[in-house]
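Student: Here is how the chains run, residue by residue.
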Amino acid sequence: GEDVEQSLFLSVREGDSSVINCTYTDSSSTYLYWYKQEPGAGLQLLTYIFSNMDMKQDQRLTVLLNKKDKHLSLRIADTQTGDSAIYFCAESIQGNTPLVFGKGTRLSVIA
Amino acid sequence: DSGVTQTPKHLITATGQRVTLRCSPRSGDLSVYWYQQSLDQGLQFLIQYYNGEERAKGNILERFSAQQFPDLHSELNLSSLELGDSALYFCASSVEQRNTEAFFGQGTRLTVV
Chain C
1 GEDVEQSLFL SVREGDSSVI NCTYTDSSST YLYWYKQEPG AGLQLLTYIF SNMDMKQDQR
61 LTVLLNKKDK HLSLRIADTQ TGDSAIYFCA ESIQGNTPLV FGKGTRLSVI A
Chain U
1 DSGVTQTPKH LITATGQRVT LRCSPRSGDL SVYWYQQSLD QGLQFLIQYY NGEERAKGNI
61 LERFSAQQFP DLHSELNLSS LELGDSALYF CASSVEQRNT EAFFGQGTRL TVV
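Chains C and U, in that order, give the protein sequences. Using this note's numbering, the first residue of the first sequence is number 1, and each one after it goes up by one. Using this note's numbering, the first residue of the second sequence is number 1, and each one after it goes up by one.
Keep in mind the hints are simulated off the structure, nothing from the lab.
Simulated crosslink set (DSS-like; lysine-lysine; CA at most 27 angstroms straight-line):
id, chain 1, residue 1, chain 2, residue 2
1, U, Lys57, C, Lys103
2, C, Lys103, U, Lys9
3, C, Lys70, C, Lys56
4, C, Lys56, C, Lys68
5, C, Lys67, C, Lys103
6, C, Lys103, C, Lys70
Label-pair ranges, simulated between beta-carbon atoms:
id, chain 1, residue 1, chain 2, residue 2, range
7, C, Asp54, U, Ser79, 39 to 49 angstroms
8, U, Arg63, C, Gly15, 48 to 58 angstroms
9, C, Gln57, U, Glu53, 35 to 45 angstroms
10, C, Ile93, U, Gln67, 24 to 34 angstroms
11, C, Arg75, U, Ile12, 38 to 48 angstroms
Note that this is a predicted model, so its numbers are computed, not measured. We put the CB at the ideal spot given by N, CA and C, even for glycine.
Bound conformation, chain U alone:
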């Protein structure tokens, strides 16, 4: 157990809908990262938050947004969902802004039908 908790584990939704994925980092970790894992694109970095502030942005679509709350948990919001958004979404956390030791959650498997 990495100590990073993601909910829900599985999510099935229809195209055009909006979903929220939640991540609780390890106790004491200030940085949260979101990654998308799909068969064709592999593991892609989406966005990083550090202590509530956006720190780095990757290949995140405009339809997607994230935030980190004062209690350090983070949410990834995906809207106007398309079939191609079906993927595993991972959250990772680390103590510092540096991801020298980033620990991953179990992921949320999103299926868009």
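So that you can see chain C by itself, here it is in the shape it has in the complex:
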């Protein structure tokens, strides 16, 4: 079955890079997602990557995928206070199965 693990907390200084890590278990063809949840708000889809890709970049966001270790990371360059939120990693087999979420990583940005 699918299982997604994330560390619970990360604290970085404003202007530094943040790296949020995630591991997943399913070796089938998989879509992997990053969502952001700000306090009192819903989940915002940031980006997703298919498991036959190694990297995807979108402005300040870089997703790296290590298929051998089933490890996914989200790098946020030049982290700002507005990036403070909970970041969820999620997976789905070929986008056809319901999203399985990790517990979320709470990112705190210190000014």
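Please build the complex by placing chain U on the supplied structure of chain C, with the hints as guidance.
Tutor: Okay, now just chain U, sitting in the frame of chain C:
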């Protein structure tokens, strides 16, 4: 704004009662998903509808039921409520059956007292 609308935003009710949560998907989206977010369980998938038909079922209790109407809005019915049902309930929608790009609503916060 994701384009997914959930009502109400907050709901407080007593144990044993029944409530209905409503979701309007983004224009053109045929799939609707319901998720429950609680402190101890995290985000759990409940159920998915696609164009009016049930597509997938997750950890949904028998006391809970959902449907998707011809205009594609969806309702999640929660009955015989217990304190442990207090949670944030999210609706998400996507164009296809696949949730490659699923967009979430703001959620309904349910408090059972």
